[in-house]
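Novice: Next come the chains, spelled out residue by residue.
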Amino acid sequence: MPLLNADRLFPVDGPSRATARDLYETIRGLPILSPHGHTDPRWFAEDAAFPDPAQLFVTPDHYVFRMLFSQGVPLERLGVPRVDGGPVESDGRAIWRLFAQNYHLFRGTPSRLWLDHAFSTVFGLEERLSAGNADAFYDHIAACLKLPEYRPRALFKRFGIEVIATTEGALDDLRWHRMVRESGWDGRVVTAYRPDSVVDPEFEGFVQNVEKLGELTGENATDWQGYLNAHKIRRDYFRGFGATSSDHGHATARTENLTSADAAALFAKALRGQCSADEADAFRGQMLTEMAKMSVEDGMVLQIHPGSYRNHSAGVMAKFGRDKGFDIPTRTDYVRALKPLLDAVGMEPGLTVIAFTLDESAYARELAPLAGAYPALRLGPAWWFHDSPEGMWRYRQMTTETAGFYNTVGFNDDTRAFLSIPARHDVARRVDCAFLATLVEGGRLDKEEAFEVARDLAYGLAKQAYRL
Amino acid sequence: MPLLNADRLFPVDGPSRATARDLYETIRGLPILSPHGHTDPRWFAEDAAFPDPAQLFVTPDHYVFRMLFSQGVPLERLGVPRVDGGPVESDGRAIWRLFAQNYHLFRGTPSRLWLDHAFSTVFGLEERLSAGNADAFYDHIAACLKLPEYRPRALFKRFGIEVIATTEGALDDLRWHRMVRESGWDGRVVTAYRPDSVVDPEFEGFVQNVEKLGELTGENATDWQGYLNAHKIRRDYFRGFGATSSDHGHATARTENLTSADAAALFAKALRGQCSADEADAFRGQMLTEMAKMSVEDGMVLQIHPGSYRNHSAGVMAKFGRDKGFDIPTRTDYVRALKPLLDAVGMEPGLTVIAFTLDESAYARELAPLAGAYPALRLGPAWWFHDSPEGMWRYRQMTTETAGFYNTVGFNDDTRAFLSIPARHDVARRVDCAFLATLVEGGRLDKEEAFEVARDLAYGLAKQAYRL
Amino acid sequence: MPLLNADRLFPVDGPSRATARDLYETIRGLPILSPHGHTDPRWFAEDAAFPDPAQLFVTPDHYVFRMLFSQGVPLERLGVPRVDGGPVESDGRAIWRLFAQNYHLFRGTPSRLWLDHAFSTVFGLEERLSAGNADAFYDHIAACLKLPEYRPRALFKRFGIEVIATTEGALDDLRWHRMVRESGWDGRVVTAYRPDSVVDPEFEGFVQNVEKLGELTGENATDWQGYLNAHKIRRDYFRGFGATSSDHGHATARTENLTSADAAALFAKALRGQCSADEADAFRGQMLTEMAKMSVEDGMVLQIHPGSYRNHSAGVMAKFGRDKGFDIPTRTDYVRALKPLLDAVGMEPGLTVIAFTLDESAYARELAPLAGAYPALRLGPAWWFHDSPEGMWRYRQMTTETAGFYNTVGFNDDTRAFLSIPARHDVARRVDCAFLATLVEGGRLDKEEAFEVARDLAYGLAKQAYRL
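Those protein sequences? They're chains A, B and C, same order as listed. Counted the way the numbering used here counts, the first sequence spans residues 1 to 468. Counted the way the numbering used here counts, the second sequence spans residues 469 to 936. Counted the way the numbering used here counts, the third sequence spans residues 937 to 1404.
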């Protein structure tokens, strides 16, 4: 039995499965558009071999190590670096064995689908990983990684990636993007503008970051107008490296539309370090609207990724730092939160604001009605914890009837796990075909329409929404 | 291929589909009870021909024009009137073409189901609407509308409507209802009592409205007891035109049960225009309980439709006014909100309070447990954005296990789109039969029981709950 | 046609149904672990015959009588005792007839599944209960109840119960548990520690309860350290009667982690009766963390059952008292609420905290991400209103992808309705097999893995999580 079931994620009943297969057959080979993600541009710049299997699949993947941790495996034993630089496991094989002997924990999870997809399609491994074959897997993958066809650029081509966007901070010099460009390689790797460190008064080093923003742009960034100009200049710079979007990951979806004087006063207060928590939140909200206004000018797409309580565990944060699987979703309001921004620019022709959510209760209640009305608003795909078969299914079931398909933007993989990218797109394509097949078989859509929609969901909508 | 699939909305697997068909066959022809809606009584009074196809299907339907608007079609080009009386498209054919060339936007939406149902069953059109056949559709529908069998009363009969309720404000003179009655026509068109303009201190012209209420009833309506009496008199008047229900669409589900003295003081403050937002909300909440108490006396059903953030876009509101597709659902609490009313009258024999929701997260958590306990409380059907196949399915899945079927009240179409009424009831009947079929095939219900429940959901429960 | 469909709750399509059957066949006969419930230990101590059918199935079951009440049947007519001792129906047959003639109200509810299961498997009744056969049912069940094989201990064995946990208050003398033990009977009936009356400053008689806690333990329980010691001593005492868990049912999931001095001051304030509502909530929250710390020492599992608005109807509470079907779920936050406890002990090896929810919107958004990260946290099964086929299905769909199967703890029946216990476990086993079958047929899980998971969900995980 092959590791991957050819009909995986399709409906089980005969007619729907047959229709899903027909739809999928026409889109499975479409190029991958990855308009929002977190791969490391250095990979494509240097094109160095990936390190050992554990460094590829376990140690950097918070989906994987948090699941092992939740069942009592210490992060140190998985090689996750400590803040204090103290010792952690460095033997890739030992990490891999621990991973393999706990592989049953991933049953029913999307990580399991992604991992098996990579094992099978990238490395030709056709057994289920287990304690028994851990060493064989390790040796085989390690041997592959030494070969030129497993280098980042070769995999980029093999995966059929048409374009991939990485995400860089506003102060980043984009050196790796420059190196990619100067190398003459024809892979299309673009950046995205992520200004957290200079728009969030609660970000570590906010004031210094704003000063650095000024230095980089020649603007007096501690003055409100200078600060806005500096953003425009950096956005230009990012666009020079292919950026078509900015990205914003605040704790809430709050936006504001203050007068220029009030915004300037709030900015000044932020620079003095005197903002209350609420004022800091208001400033972040104001900057979303400012960014949207800049988008009206420069055509960049604005992405809002709200609603995560970051670094929930004080203990894990202290010992291992940020982004260690302890970002927990919270309830998120969009109706009141987005109103200031939408009142300001929601009708602007040419503007695209893409909203994501970790709070699925907002799909049918808030997000689909908003996206089904405001011309500037589109719905990002099922995100993060919901980037999964059930999550995608709920997304389509709860957004389509009010927002339709054409107020959504296709799939984003949003990952730093490079090898999971084809797997994630494949899951999305299969689930969308499955969903469309149930509409066809339930008499809600003609099959000929479904072929068109399937193609739009897999390719066309992302191309259009992200101006790729 | 006909435009409508005969098995649409039924389960795909063979046994469930066969059972759904069997159930549906016994209820598809039942008369339509439409106990809550917004059709225009003038149609039935004057029985004039409907204007052109665009005025019938596009310009007045906020489901339709907001979807087009969300994809960049200006409302002016769809003929939606401007507040300032400025020019908008008046050529029905031009509007229709724009609609037809964007018809793909409705894929997967209930609007598509309703429109196709009307095209096929009312007009005999069996192609999918598109840019290519837009003119043919337009010409055919326009020609039909000139015929006597397409007049409102003829369609009313053709649709098999046993009774339809419209909704009028408390100050309405019900002239069209009077005209229907005096015409001798035997179609049953009743009104419903909607007192927003005289119970909401924040409604435009509240004080004048209350004064007018006094004039209409001969009561001193600016005195608390006179005000309550005036409501009773108007409710009597409405019952004289068939009303069996009142309807209340506040932003929240808040109710209050103040002492008479406190209520009178709050009312006086409202008349002085001195209520805070919270006090205005409290007054609306108090009036829900007052209306429920009147219902105990006069037998009218109380309907609560909360949770919509009305006219969300400041720009659309300014340019095009109310009800232009920008009413966005918000989170709604029922547990604390309904307690004062339920403590006051929740055990009254003969009282029926019907609660609706736009916040589906309340179905299983709050509404089914409340309706499954309080004798006076029933659950309204899946509403508005959730008046759709997936919405109805979620409604049954999330309410049945705790509230059963018999604490629900059958289907309401809640529409002003007359031609969508048979389609909407047909969708509800199909989805309910599909749901029942899955219970039968899953061994949770006997087939003979399912026939009985199907009939109750399509007809019996509405007849009973709304005293029709 | 038998009353129970052999394939009930399995998927309808052929391949999934066949797989579900195969899985179920291997686990249907596994012993029942009932680690959290509310059966009366006196039953097993005295082993007396159950009274008449109405007293067995109707009068004590709030699922049953609240549904009848919701449709207008007075609780008095169902024999539910009044607080004032006034007259209620005492004729079991009259109550039973009323129940039987309203049996259609339970269509589509889990109560119907449980009742039919007991009628069929315990009493051999194979007709659907109705007004027509009410007396025949009554006579047959009443006759059975007189037989020795229908006594509690005989049913315990017949049901295949390996261990059952009851729940007793902290001040309970556990006399029935003592009597069970001293009887020499080999059925395993254990207690669980439920300290509401001595940890909740708003509980009736809180101060006297704390004083009694001191008397029982020889500690000065009005002193903070003495109070904590007294809890430890009572926990020891409960462990002496098999307890492996404590249970906490607060209105919210709030936890606190105060300094010892602040906790002591808050406790003193509670004893003086001076806590505000918020301070009382904080104290309950602090006690959750204290209990968790004791669990680290003594190995008892901590169960959190939050989010019920208890005794919602003032009228029913006044007339019939607590627990009469008017406990209504409310929105519950876990992310902020559990952080203090998790920061304090969330990484402790050997600690198990089991969180339940009545707010399903928290499954995918909050609970699965938390349980999929913190080693100490596990998810309790679908609870109360969600202890039902659809509820269990939503639970697996919304928790598995992020938390996996192994951060859940198998099934709890959580009931005082002894005869429903085998039915409830059977429902859970069937639904889990159905869910696993869809994963297998959808290519997400190997069938051989599914056999292993099915066994873990039915038996292994509960055994492990509750240390049984």
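By construction, these hints were calculated from the structure, which means they are not laboratory data. Heads up, some of the hints might be wrong.
[As the list claims (entries may be wrong)] Below, simulated EDC-like cross-link-like pairs (lysine to aspartate or glutamate); rule was C-alpha separation at most 16 Å, straight line: (1) A:K319 / C:D1279; (2) B:K787 / A:E162; (3) C:K1383 / A:E297; (4) C:K1255 / B:E595; (5) C:K1255 / B:E816; (6) A:K146 / A:D47; (7) B:K915 / B:D490; (8) A:K463 / A:E162; (9) B:K915 / C:E1063; (10) B:K787 / A:E46; (11) A:K447 / B:E595; (12) B:K931 / B:E920; (13) A:K447 / B:D475; (14) A:K146 / A:E46; (15) B:K915 / C:D1279.
Novice: All the hints need checking, so say for each whether the structure fits it.
Specialist: Comparing the hints with the structure gives:
{"no.": "1", "hint": "A:K319 / C:D1279", "in the structure": "holds, 13 Å"}
{"no.": "2", "hint": "B:K787 / A:E162", "in the structure": "violated, 43 Å"}
{"no.": "3", "hint": "C:K1383 / A:E297", "in the structure": "violated, 56 Å"}
{"no.": "4", "hint": "C:K1255 / B:E595", "in the structure": "violated, 63 Å"}
{"no.": "5", "hint": "C:K1255 / B:E816", "in the structure": "holds, 15 Å"}
{"no.": "6", "hint": "A:K146 / A:D47", "in the structure": "holds, 12 Å"}
{"no.": "7", "hint": "B:K915 / B:D490", "in the structure": "holds, 10 Å"}
{"no.": "8", "hint": "A:K463 / A:E162", "in the structure": "holds, 10 Å"}
{"no.": "9", "hint": "B:K915 / C:E1063", "in the structure": "holds, 14 Å"}
{"no.": "10", "hint": "B:K787 / A:E46", "in the structure": "violated, 55 Å"}
{"no.": "11", "hint": "A:K447 / B:E595", "in the structure": "holds, 14 Å"}
{"no.": "12", "hint": "B:K931 / B:E920", "in the structure": "holds, 15 Å"}
{"no.": "13", "hint": "A:K447 / B:D475", "in the structure": "holds, 15 Å"}
{"no.": "14", "hint": "A:K146 / A:E46", "in the structure": "holds, 15 Å"}
{"no.": "15", "hint": "B:K915 / C:D1279", "in the structure": "violated, 53 Å"}
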